[in-house]
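Participant: If you want the building blocks of each chain, they are given just below.
There are 2 protein chains.
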Amino acid sequence: MTAIPGYRLGDPSLPPSALKAADLATLKASLLFGEEDVAALRKAHDVVKDQTDAILDVWYGFVGSSPHLLAYFCDPKTGQPVSAYLEAVRKRFGQWILDTCRADYDDAWLAYQDEIGRRHHRSGKNKTDKVSAAPNIAMRYILALVMPISITMKPFLAKKGHSPAEVEAMHAAWTKSVLMQAILWCRPYVHPDDF
Amino acid sequence: MTAIPGYRLGDPSLPPSALKAADLATLKASLLFGEEDVAALRKAHDVVKDQTDAILDVWYGFVGSSPHLLAYFCDPKTGQPVSAYLEAVRKRFGQWILDTCRADYDDAWLAYQDEIGRRHHRSGKNKTDKVSAAPNIAMRYILALVMPISITMKPFLAKKGHSPAEVEAMHAAWTKSVLMQAILWCRPYVHPDDF
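Top to bottom, those sequences are chains A and B. Under this note's numbering, the first residue of the first sequence carries the number 1174, and numbering increases by one thereafter. Under this note's numbering, the first residue of the second sequence carries the number 1174, and numbering increases by one thereafter.
Incorrect hints may have been included.
Where chains are identical, the list cannot tell them apart; a pair therefore holds if satisfied intra-copy or between any two copies.
To be verified - As a list, the in silico SDA-like pairs of lysine to any residue whose alpha-carbon atoms are at most 25 Å apart:
#: 1; residue 1: 1201; residue 2: 1351
#: 2; residue 1: 1193; residue 2: 1307
#: 3; residue 1: 1300; residue 2: 1242
#: 4; residue 1: 1333; residue 2: 1247
#: 5; residue 1: 1298; residue 2: 1367
#: 6; residue 1: 1264; residue 2: 1240
#: 7; residue 1: 1222; residue 2: 1234
#: 8; residue 1: 1298; residue 2: 1363
#: 9; residue 1: 1298; residue 2: 1273
#: 10; residue 1: 1264; residue 2: 1219
Hints were generated in silico from the structure; no laboratory data involved.
Bound conformation, chain A alone:
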């Protein structure tokens, strides 16, 4: 695998998450995310592994055609998209699709969710890629994008000849995992006592 700049899943130098395994267990239970979802995502991995570029084209098309979302990739001084930033994020986003399917939900995974959260929030945005794009992504859009990231995935999950029930199971698991991760990315936005 080619090294992806800024990709830090498993990096032992990341600060550990304040969220512990027991917290993740109750979060999973609240999302109805169970072992059958873990298994369905493992299956989805083989379905999507050669489709990540096509999936990213759909997502980047959506963001690129939504001025209020594209703004987060733009330099506020010029109003222009920062192409180096778009490209760096795209590489990690493709890897994230595969990681979502193969996640171990361990402390390293939790620590990287925190890091991804910081990269959306003003406490860490732009630092990884040393860019001068908008300083903060509004939390509401991180959560709202769960819907397009869920809905647009279904046709890709259906492309490899699985039964409707299998596609449904993979899609449900995908949606739960994406919401779970989006929730974890909100941590830097909220007082620890309230999160």
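Start from chain A and add chain B according to the hints.
Facilitator: Frame of chain A; chain B shown alone:
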């Protein structure tokens, strides 16, 4: 309609939301929530209007069997559920199912979303019902519960003889609207500049 204690949709004495119609429009667009979803929810209204008690039984069963969720309805001093609180919330929750199907997405609706958010957060929890339950609902569970509130709804939407495609459309619209509302309820948890 019998008056429901604490129900304030349309109450002109509620403070107006800081979120404006333009903000709601970009939020809807980010969720892929469109006019077809509004129409599907209108259709869902007639499907679920005589099923709200059965739906609430499912949801209350889930919360009641999840100690980390039931805790929000319990008095921290005694560890016991506050039954007056559970019952008062249940009445509003049933009405909320119908309101979700018929929402106007206007300023009054936005103001009431804010009020519902405050009732989950330590800034307003327990006040409406004058109870002494846990002082704050952790934001992550408000968002996580979108999944059970979505998934458990589908069989109820399928009970009145609509085609699979119609059920799918009603269910997709329901899920988008529930996530949209859960996002709006997070507003008191987050600094206005970050939300």
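Participant: Compare the structure with each hint and give your call.
Facilitator: Evaluated hints:
1. 1201 to 1351: both (12 Å within a copy, 18 Å between copies)
2. 1193 to 1307: Answer is between; shortest inter-copy Cα gap is 21 Å, intra-copy 31 Å.
3. 1300 to 1242: For residue 1300 and residue 1242, the Cα distance is within 25 Å only inside one copy (19 Å; across copies 37 Å).
4. 1333 to 1247: neither (37 Å within a copy, 48 Å between copies)
5. 1298 to 1367: both (22 Å within a copy, 12 Å between copies)
6. 1264 to 1240: within (22 Å within a copy, 41 Å between copies)
7. 1222 to 1234: within (20 Å within a copy, 39 Å between copies)
8. 1298 to 1363: Both: 16 Å inside a chain and 17 Å across chains, each within 25 Å.
9. 1298 to 1273: Answer is within: at 22 Å inside a copy they meet the 25 Å cutoff, but 35 Å across does not.
10. 1264 to 1219: Only inside one copy: residue 1264 and residue 1219 sit 19 Å apart there, 46 Å across copies, limit 25 Å.
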